[in-house]
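Trainee: Just need the whole structure built from these sequences, with the hints factored in.
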Amino acid sequence: MAELKAKTPYETVTGGASGPERMEVTPFVAVEVDPGALTSLAPYKGQAKALSTALEAAHGMGLPKPNRMTGKQSAQALWFGRDMALLIGPAPDASLAAHAAVTDQSDAWSVVELSGPGVDEVLARLVPVDLRGHVFKRGHTARTLVGHMSASVTRTGADSFRIMVFRSMVKTLFRELHHAMIGVSARREAAGAG
Amino acid sequence: MRFSGLRVLKEGLTGNKGWRPHWRDPEPKSDYDIVIIGGGGHGLSTAYYLAREHGLTNVAVLEKGYIGGGNVGRNTTIVRANYFLEGNSQFYSHSLKLWEGLEEDLNYNVMHSQRGLINLFHSDGQRDAFARRGNMMNSQGDDAILLDREGVRKELPYLDFDNPRFPVYGGLFHPRGGTARHDAVAWGYARGADQRGVDLIQNCEVTGIDIENGKVRGVQTTRGAIRAKKVGIVVAGRSGQVAAMAGMRLPIESHILQAFVTEGLKPCIHHVVSFGMGHFYMSQSDKGGLVFGGDLDFYASYAQRGNLPMKEHVMEAGMALMPMIGKAKVLRSWGGIMDMTPDGSPIIDKTGIDGLYIDCGWCYGGFKAVPGSGHCFAHLIAQDRPHAAAEKYRLDRFRTGYGLMDEEGTGPQHNLH
Amino acid sequence: MRITCPICGERDIREFTYQGAAVALDRPDPEAGDEAWDHYVHLRENPAGRTRDLWYHSGGCSAWVVVTRDTVTHEVFDTELAEEAKA
Amino acid sequence: MRIPGKGLIDETQVSFRFDGHAYEGRAGDTLASALLANDVRLMARSFKYHRPRGPLTAGSEEPNALVTVGEGARRDPNVRATVQEVYDGLVARSQNAFPSTSFDVMAVNDLLSPFLSAGFYYKTFMWPRAFWEKLYEPVIRRAAGLGALSGEPDPDQYEKAFAFCDLLVIGAGPTGLMAALTAARGGADVILCDEDNRMGGRLLAENEEIGGMPGHVWAEEVLDELRDMENVRLMTRTTVTGAYDQGTYGALERVRHHRPRGPLPKSCFWRIVAKRAVLAAGALERPVAFRNNDRPGVMTAGATRAYLNRWGVAAGKSVVVFGNTDDTHRTARDLIAAGVHVPVVVDNRHDAEPQGDYRVIAGGHVVNSSGRRGVEAVEVAHANGRRESFACESLAMSGGWNPSVHLACHMNGRPVWNDAIQAFVPKPGMIPGMTAAGAANGTFSTHGCLEDGQQAALDALSDLGRKAEADTLPPAGDAPYRIRPLWAVPGRGRAWLDFQNDVTVKDVKLAAQENFRSVEHMKRYTTQGMATDQGKNSNVAALAVLADATGRAIEETGTTTFRPPYTPVPIAAMGAGGGGIGFAPQRFTTSDAAARQSGAPMIEAGLWYRPSYFPKPGETTWRQSCDREVRMVRDAVGICDVSTLGKIDIQGPDAGAFLDFVYTNMFSTLKVGRTRYGLMLREDGHVMDDGTTARLGAHHYLMTTTTAAAGNVMKHLDFVSQALRPDLDVRFTSVTEQWAQFAVAGPKSRELLQGLLDAFTPEDWPFMACGDISVMGVKGRLFRISFSGEHAYEIAVPSRYGDSLYRELIARAETLGGGAYGMEALNVMRIEKGFITHAEIHGRTTAFDIGMERMVSDKKDCIGKTMSERPGLMDPMREQLVGLKPVGAVKQLTAGAHLYNAGEEPVRENDQGYITSNCYSPTLDTVLALGFLKNGRARHGEKIRMVDSLRGLDALCEVCDPVFLDPKGEKMRG
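Chains as they are written, first to last, in this note's numbering: chain A, 26 to 219; chain B, 453 to 869; chain C, 200 to 286; chain D, 116 to 1089.
What the hints contain is simulated information worked out from the structure, not anything from laboratory work. Hints may be right or wrong, so weigh each one.
To be verified - When the alpha-carbon atoms are kept at most 30 Å apart in a straight line, the in silico BS3-like pairs for lysine-lysine are as follows:
1) 830(D) / 90(A)
2) 606(B) / 249(D)
3) 74(A) / 285(C)
4) 390(D) / 30(A)
5) 462(B) / 624(D)
6) 74(A) / 830(D)
7) 285(C) / 97(A)
8) 974(D) / 285(C)
9) 90(A) / 390(D)
10) 462(B) / 980(D)
11) 163(D) / 469(B)
12) 786(D) / 70(A)
13) 285(C) / 624(D)
14) 70(A) / 974(D)
15) 830(D) / 285(C)
16) 582(D) / 162(A)
17) 90(A) / 285(C)
18) 1049(D) / 802(B)
19) 462(B) / 542(D)
20) 249(D) / 718(B)
21) 390(D) / 162(A)
22) 549(B) / 390(D)
23) 285(C) / 894(D)
24) 786(D) / 718(B)
25) 30(A) / 731(D)
26) 894(D) / 97(A)
27) 70(A) / 830(D)
28) 624(D) / 469(B)
Here the structure is a predicted model, which is why all the values come from computation and not from measurement.
Mentor: Quick look at the structure:
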């Protein structure tokens, strides 16, 4: 019997199977990543603390405060909106469901890693939030807009961000990132050329 | 003094010394038959028609600032009769007919220009909704033509037909739609009312409405008390505050609508064009400026100014629809106060107080309604019964649910109409 | 205009969707009568000045926020979560 | 005329063209300075009288020298020659003149000016009526306007961006530089914006010393320090165009107006969010109104000095200077030092003395100019009335300076009159968080500007909670500003106020004579201040004239409203990203690629794309494909992607109670493993949305919304939960994107699934059942629901498998004689079944109207219930949902057509309803329609008239039940 084949969001939209999408406009790179399972955790009334404890016990980190991410590379908890966190990486432990609405979101989001020196400038073309390094530090996250798309934006390093938009909008995300990257890149070139 | 080309020639030859004031600045009398609160387009036209149609000239129009200083002087000047719900259909049809004779009637060139209005649609569903509208317009005796995509291309070749996010499927063409010179409308009515004996009192703010035993007796103003047998409230942008003086609460939330004009350009847009997917409409003024607007800023406001997100949205829509306008430069933006009702349609009605009448809730429809609103409001005040064209504009329709006119179908959220 | 979401912090209004007067929080009893319901659904105080209204942080965390602000100056005095304003 | 050795720009030559002629300029030149250097001063024609014009100013406020830059689709109209930088290959030409600026036939208007007085058009062109649109208006429109758009799509790139800072400094003259330096040294994040291509402001235009060095050198030193600081961002060529709420500013950066084509965006529109701002935008010089003051060669004195000192260009070999402050003398000194002849300085102050080797006429006025296409001489009146003529090539005039208060007034604040400087200044606090400083605040000495800028920065630092110290200010000029009002020189003839719009002193007086006495009336009647400079050059003088004509003081007369933008902003910049497909995000289903590969035309459904139909070889019309697809589903099996419907996962102990509150019908009673159709109302009792909701567990539901309403429903649920019923413990997550969901519909759907699902017992899946399944090893969900009226399922898998499953489904369907069906077929089948969509629930329909009033449970309260019971919403004469079939000769029914009683005239008064949806039903071989008809449910069987005047159709049809096919639902239940 044939198997159902999994595709990345970008592969799905383009009908191709060439692996995760990677787009480079020197010195910036945007690449589609597979962060593992994505599970939304929405604690029931009065259960946030209990959920945090259960999360800590099961996956090694507590519930993040608003606008923050907790955890390590292998398992992260990303604040994802009012009364909601997104468990990234492992499959959720069964104990969590006692305290929270647990919903699989692994296929709902397109996840893109954007990096390059001074990459804040690229996102400054798309995101109405102050993402400069001394304000929006590693582990800071925001539910906000990227262009006209509802998004989650997280700083993952000095020069890198994780951007999440609805899976169906992945093409628009790459298109808008491309436009922004080209603009910043051309300015750098023009400034360099004097 | 009658205006004419000959008069302009004669005055030109004699140094333009003979021109007289277009209206007087009388002191308020202590007593009038009728006081109209509000010297905007609707108030001035009400006064004009009270005098012209009903012979009532012992009338004062009280204006807290300068006449024509409200929305009549800060809109996108579109004149149309393209509604599809009973009530609106007959009213705007009536108003458009008044527009069509307005210059002769007022002896004032308001530059009413029926250059045609095209509402674009971008899906089969929108086409069907516009077909319903167009058929209603025709059955009302107005004019509508359903254009297909090629028909639109013929009229508006500069639209983006090649790579648009929302392709143009067609358009509803309203040949009698168009524009007018907004200020001139206010001035023309003011002059006409003044010539017939109406007192236009500027810089006179109403501070209270005198009511005794359920009957109106007059108003208090910053220039003294004025008695009146009847009082009409027609104060777009301040309806809630003035109605509150009579103890009324209205089904109105006031919102900003921004509008924009570019620097003058040689003629490039003939019609009034309206986008179906992004709240954007544009026409070109006689001076060459592209006059355009979009949706409300969405939050309740009396500031007469808006914020950037809606400006950007409107201009993005402009670029989406007609990419040739990119290098037109926006010269000025401004905001009007839209009195939004729960169904997006206005109110012309008696109040619970004897002798007190109200004309309000014009949402964005106010400018084209200026003649019709004044004509029907004057009728209501003079005859104490509604004019047939405006009989659906009842205040109690929201409570009873009878005769709601929700053209947008968005329900009782005021800012969505 | 910028509004401070009680959860996310200060944000551009492009992230928010406006609803209308905060009277929407005070839903009448089904039997309250047509006048009470007319007031709730249709009639508005519509002040030129200080007002309380409801905004949805649609482009952010999905919180409903009650904003106290001035409709003439656009000054924002205070924001709180609708959930807490209600409680 | 270029003066060797003068100016701050380098010697690099650049070649450009203007009106077809080749010229040489220098890098750093503006088009205006380069043309003046080439002795070209006629650059444009005025708007109304088509008078010849040269540059009046040296800045963005220029009213005269507007040109068109570039060619073809890139041509850019109404560019200020005074701002446009020249570069190699620049092509510019004049506009609003035919055939040329030197000979413009429209200049006949100038001769007709007595008849073209203010507001003349309101008094004429009324007869005959039809002539307005046919004759008068076209002529007026052609004569009006300035430059022309290319008429082609703008091919340039534009961008928008956000920036944030502690302190925004607007303007980089002495005030702004000092403010930025102070704030930056104090540790604040600073953005310093200047509209010029080079920072320094008036320091680049004046002979002025700061700290013992030339002002421009001091400026460069400050800029060097600022450039090296990480907390400072310098933005040249960036005009702050508007001040908005809570410290938001709009700014336009001209990124590539000074370069030939390349990858750079043409411009960038910035939204700058600043905790504090300093308005250091300087001041603008006022021209003086006197007879024929508009001739090329007449310019402001400040512009004369700027051309001389910054660009090394003299406006003429001999220049008369006229003014009312010491700037007059500064101008004369600079000119003389550069070797330019100054025949006379006319100073309207009676105590004026020469400050150098030149003649002064104290208490005098320039009363007229003469010359052909440019000034050749001016006539001066002495204080005693004696007239004297002076030959000259240029006149430098100054009526004093207006602080650039504009941005401070963008929130409706009105500036206040300052008698000492005869100008309006900002009132503190007009923009929360913004302080005006320096010349923008009416401080005109260099020392005063430095002091003001420093203080404004210190105040801002203190507001920001930073410790700040005042450094010692470098010494700078601190001469007092002495001014004698000088607005309009009395006399005959036309004296221009608004140069571009050709508004003269006479026009303003005529407005007053006709009782347009309010400043707003005067503006609107005369068009004073409505030109591209928005009155920057003329408003205050016009006010003074109006005040004089109406016997009021200037402050009493008031100003008109200052509105954004400060200088015009291209629509393409503020609308960047909106063109083409960029206007809104595109959403693609997981089957999108497969559908396109099979040739399906895709149509927009909200932000989504969905296949319209799937053409097979030989099919030439959509109807052929659609009819086949309908038959295919009815006879075999069809596959359709339904993932775009909103899916909301609802969990929590109170989930059932919550759904009971948002739906009209009961969901707390629904069995686990079952699905129910639900109807949702708005609070005003009209239908909001409908859809099915499945109960997956005791506390777990999955709601389906329509595609169009998905976002709104989510918002509504959040509202009800947070704002109305926070007592209920329930949580929502949108899973629209998580699941790819496909309808498998038709009599062979069961057979198809049997081979596909890992364990499938059809008997376990009765109509409206739902639950987990395994599809080729992948966990999914199955719903036994139908929107086609057939025995049907919807199968859902995680989206990553969507493409794969879709292809598998199609392949299997094809082996069963089935295949894909699109939106057209879906629509036909739902009409056949009388299922409603947003064509019917269009926001004005109630449950009563669609015959679902019994779905409003009387056992409970729900959103919309109370208001749905308003008498007007239950009235039997409301338009009710009906089915319609043609019964006359005309067999067409069209959506949007209206209904009338048979035999009645199709006029609005007789309107009985309208058609919402129509189709040809291949199943029933007839045209069908759904519509709304007054009291329709009671009229089944009645014959009524359908009229579609737009399409010329007039048909007789029969009213029937909206369910045309299988009314008992045996097929879908069976």
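Trainee: Next step is simple, just say for each hint if it's right about the structure.
Mentor: Hints versus structure:
1. 830(D) / 90(A): holds, 23 Å
2. 606(B) / 249(D): holds, 20 Å
3. 74(A) / 285(C): holds, 23 Å
4. 390(D) / 30(A): violated, 52 Å
5. 462(B) / 624(D): holds, 19 Å
6. 74(A) / 830(D): holds, 27 Å
7. 285(C) / 97(A): Violated - the C-alpha atoms of residue 97(A) and residue 285(C) are around 38 Å apart, more than 30 Å.
8. 974(D) / 285(C): Measuring from Cα to Cα gives roughly 26 Å; hence the hint holds.
9. 90(A) / 390(D): holds, 25 Å
10. 462(B) / 980(D): With a Cα-Cα distance of about 70 Å, the restraint between residue 462(B) and residue 980(D) is violated, given a limit of 30 Å.
11. 163(D) / 469(B): holds, 21 Å
12. 786(D) / 70(A): holds, 25 Å
13. 285(C) / 624(D): violated, 60 Å
14. 70(A) / 974(D): Holds - the C-alpha atoms of residue 974(D) and residue 70(A) are around 27 Å apart, at most 30 Å.
15. 830(D) / 285(C): holds, 18 Å
16. 582(D) / 162(A): Distance of about 25 Å is within 30 Å: holds.
17. 90(A) / 285(C): OK: residue 90(A) and residue 285(C) at ~23 Å, within 30 Å.
18. 1049(D) / 802(B): holds, 29 Å
19. 462(B) / 542(D): This hinted pair is violated, its Cα atoms lying about 47 Å apart.
20. 249(D) / 718(B): Distance ~17 Å between residue 249(D) and residue 718(B) Cα, so the pair holds.
21. 390(D) / 162(A): holds, 20 Å
22. 549(B) / 390(D): Distance ~53 Å between residue 549(B) and residue 390(D) Cα, so the pair is violated.
23. 285(C) / 894(D): violated, 41 Å
24. 786(D) / 718(B): violated, 69 Å
25. 30(A) / 731(D): holds, 27 Å
26. 894(D) / 97(A): holds, 29 Å
27. 70(A) / 830(D): Distance of about 20 Å is within 30 Å: holds.
28. 624(D) / 469(B): holds, 10 Å
In summary, the numbered hints that this structure violates are 4, 7, 10, 13, 19, 22, 23, 24.
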